[in-house]
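Participant: Build out the structure end to end from the sequences listed, making use of the hints.
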Amino acid sequence: MNLTTQKRLAASILKVGLNRVWIDPERLEEVSMAITREGVKQLINDGAIKAKPQKGISSYRSKKIKEQKAKGKRKGRGSVKGAKKARTPKKKAWMTTIRALRKDLKEIE
2 MNLTTQKRLA ASILKVGLNR VWIDPERLEE VSMAITREGV KQLINDGAIK AKPQKGISSY
62 RSKKIKEQKA KGKRKGRGSV KGAKKARTPK KKAWMTTIRA LRKDLKEIE
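My numbering puts the first residue of the sequence shown at 2, with every later residue one more than the last.
Please note that a few of the clues may not be correct.
[Claimed, not checked] Quick list of in silico lysine to aspartate or glutamate cross-link-like pairs, EDC-like style, CA-CA up to 20 Å:
id: 1; residue 1: Lys51; residue 2: Asp25
id: 2; residue 1: Lys42; residue 2: Asp25
id: 3; residue 1: Lys8; residue 2: Asp47
id: 4; residue 1: Lys8; residue 2: Glu30
id: 5; residue 1: Lys93; residue 2: Asp105
id: 6; residue 1: Lys8; residue 2: Glu31
id: 7; residue 1: Lys16; residue 2: Asp47
id: 8; residue 1: Lys51; residue 2: Glu39
id: 9; residue 1: Lys53; residue 2: Glu27
id: 10; residue 1: Lys51; residue 2: Glu27
id: 11; residue 1: Lys51; residue 2: Glu30
[What the hints assert, rightly or not] Pair ranges (Cβ atoms, derived):
id: 12; residue 1: Lys72; residue 2: Ala94; range: 22 to 32 Å
id: 13; residue 1: Pro54; residue 2: Lys86; range: 44 to 54 Å
id: 14; residue 1: Arg38; residue 2: Gly77; range: 56 to 66 Å
id: 15; residue 1: Ile66; residue 2: Val17; range: 30 to 40 Å
id: 16; residue 1: Ile14; residue 2: Gln69; range: 38 to 48 Å
id: 17; residue 1: Thr37; residue 2: Lys16; range: 14 to 24 Å
id: 18; residue 1: Val17; residue 2: Arg62; range: 20 to 30 Å
id: 19; residue 1: Lys56; residue 2: Ala101; range: 49 to 59 Å
id: 20; residue 1: Lys85; residue 2: Lys51; range: 52 to 62 Å
id: 21; residue 1: Gly79; residue 2: Gln55; range: 32 to 42 Å
No lab work stands behind these hints: they were computed from the structure.
Note that this is a predicted model, so its numbers are computed, not measured.
Where a beta carbon is used, it is the ideal one built from N, C-alpha and C, also for glycine.
Facilitator: Written out as structure tokens, the structure is:
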């Protein structure tokens with residue numbers, strides 16, 4: 002029993018993808034007889050064809066990783082992207098050195 006046409010029609014009527022169309026396994030004969038959009042609409046109203054609920058994307062793993070990063074984990078060599086100077090530019094290193102020197106100079110004076 003080939004129900005591809007019915008599934009395609011139901012998907013377009015329900016405005017969902019083909020994978021979200023559910024056909025009642027007990028009413029397959031009845032569904033196979035419906036060959037027009039009107040027939041498929043009637044089956045949708047009867048409850049023989051339904052749209053499955055949308056699946057959500059779980060954020061559990063990303064939240065867990067974020068918590069670990071807050072603790073200072075996951076910062077090993079394998080996670081480092083970019084060169085040493087890209088992560089802490091030369092200018093920034095220079096600025097910290099100079100500021101420290103100037104602070105020491107103020108204390109001497």
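Participant: Give a verdict on every hint.
Facilitator: Do the hints match the structure? See the list:
For the given pair, Lys51 sits about 8 Å from Asp25 by alpha-carbon distance, which is consistent with the 20 Å threshold. Restraint check for Lys42 and Asp25: satisfied, since their Cα atoms lie roughly 14 Å apart, inside the 20 Å limit. Annotation: proposed proximity of Lys8 to Asp47 holds, straight-line Cα distance about 16 Å (limit 20 Å). Using a Cα cut-off of 20 Å, the hinted pair Lys8 and Glu30 holds, with the two alpha carbons roughly 14 Å apart.
Simply put, Lys93 and Asp105 have alpha-carbon atoms about 19 Å apart, close enough for the 20 Å limit, and the pair holds. Between Lys8 and Glu31 the alpha-carbon distance is near 13 Å, which keeps this suggested pair within the 20 Å criterion. A hinted pair counts as satisfied when its Cα atoms are at most 20 Å apart, and Lys16 with Asp47 qualifies at roughly 18 Å. Taking the CA atoms of Lys51 and Glu39, the gap is about 15 Å. The hint holds against a cut of 20 Å.
The hinted pair formed by Lys53 and Glu27 meets the criterion: a straight-line CA distance of about 17 Å does not exceed 20 Å. With a C-alpha separation of about 14 Å, the suggested pairing of Lys51 with Glu27 holds against the 20 Å cut-off. Under the criterion of a C-alpha separation no larger than 20 Å, the hint pairing Lys51 with Glu30 is consistent with the structure, at around 16 Å. Remark: the range hint 22 to 32 Å for Lys72 to Ala94 is upheld by a beta-carbon distance near 27 Å.
At roughly 51 Å, the beta-carbon separation of Pro54 and Lys86 lies within the given 44 to 54 Å, and the hint holds. The supplied range of 56 to 66 Å is met by Arg38 and Gly77, whose beta-carbon atoms lie about 59 Å from each other. For the pair Ile66 and Val17, the supplied restraint of 30 to 40 Å holds, since their beta-carbon distance comes to about 32 Å. For Ile14 and Gln69, the hinted distance range of 38 to 48 Å is satisfied, since their beta carbons lie about 46 Å from each other.
One distance hint, 14 to 24 Å for the beta-carbon pair Thr37 and Lys16, holds here, with the actual separation near 18 Å. Distance hint check: the CB atoms of Val17 and Arg62 are about 27 Å apart, consistent with the given range 20 to 30 Å. The hinted range of 49 to 59 Å is satisfied by Lys56 and Ala101, whose Cβ atoms lie roughly 55 Å apart. The hinted window of 52 to 62 Å between Lys85 and Lys51 holds, with their beta carbons roughly 58 Å apart.
Against the hinted window of 32 to 42 Å, the Cβ-Cβ separation of Gly79 and Gln55 comes to about 36 Å, which satisfies the hint.
Comparing the model with each earlier hint shows no violations; every hint is respected.
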